[in-house]
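Novice: Sequence:
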Amino acid sequence: MTLDIEAIRKSYKRYAAGYDLLFGGVFHAGRTTLVQRMDLQPGDQVLEVGVGTGLSLPLYPADVEITGIDLSPEMLERAQRRCQRLGMQSRVRLELMDAENMSFDEATFDKVAAMYVATVSPQPARLIEEMSRVCRPGGDLFILNHFSSSNPVLGGIERMLAPLSRRLGWRPDFSLEEFLWETRLDLVERIPVNLFGYWMLLHARNRMDMPVPPAAPMTQAAARVE
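End of the sequence shown = 235 in our numbering, gap-free, step of one.
Keep in mind that the hints were calculated from the coordinates and are not lab data.
Keep in mind that this is a model prediction, so the values were computed, not measured.
Treat the hints with care, as some may be off.
Simulated restraints, written as ranges between beta carbons of each label pair [to be verified]:
no.	residue 1	residue 2	range
1	Glu186	Pro82	26 to 36 Å
2	Pro70	Ala38	17 to 27 Å
3	Thr41	Leu185	18 to 28 Å
Every residue gets a Cβ at the ideal spot worked out from N, C-alpha and C, and that includes glycine.
Construct all of the structure, not just a fragment, from the sequences and the given hints.
Specialist: Shown next, in the form of structure tokens:
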């Protein structure tokens, strides 16, 4: 089942108040690993897509500039309060923005990260296309996300939950193979993270000459969901 922006906004309006409690600790290891793998240098310009309540902001070095965008005003409000508590207002800019249609100029950022966002995006290939556009050529893209499990039991549960995607605000059955096919990411590394390695960190080099191809053929798993 497809997602749309309004469904996502409604979902994260519900999640906002309890998001840190529910997802702060369980996803912390993945956030930490991603920021470490960024290998940030003084003066780097970083974009975090789907910054949410700003849980990752304290992990960044003090000598980089961070821009965070999110579709949910309720989540951004909490991120702003976090920045104020931590005294980070001078180096963090937060904006309400659709990640699939960013207002930034091309090649604005050195590194672009999307943490737990791809399954929320209505058009994941469009998300990556926009991340690539605003990242400088030769820069780095980082995608941290849950992808469909190869475990028969877990995979079966994900397929059962798939019809609830709009209600949940994210896709439980999200194929890594289809995602890589559609985005043609120039992968540098992939790293399992968080509990049992159930989430995957993808590090890719930005290549502006790589167009997004047509959608991949449906896998058998996707066909069963349909």
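Novice: Which hint numbers doesn't this structure obey?
Specialist: Violated: none.
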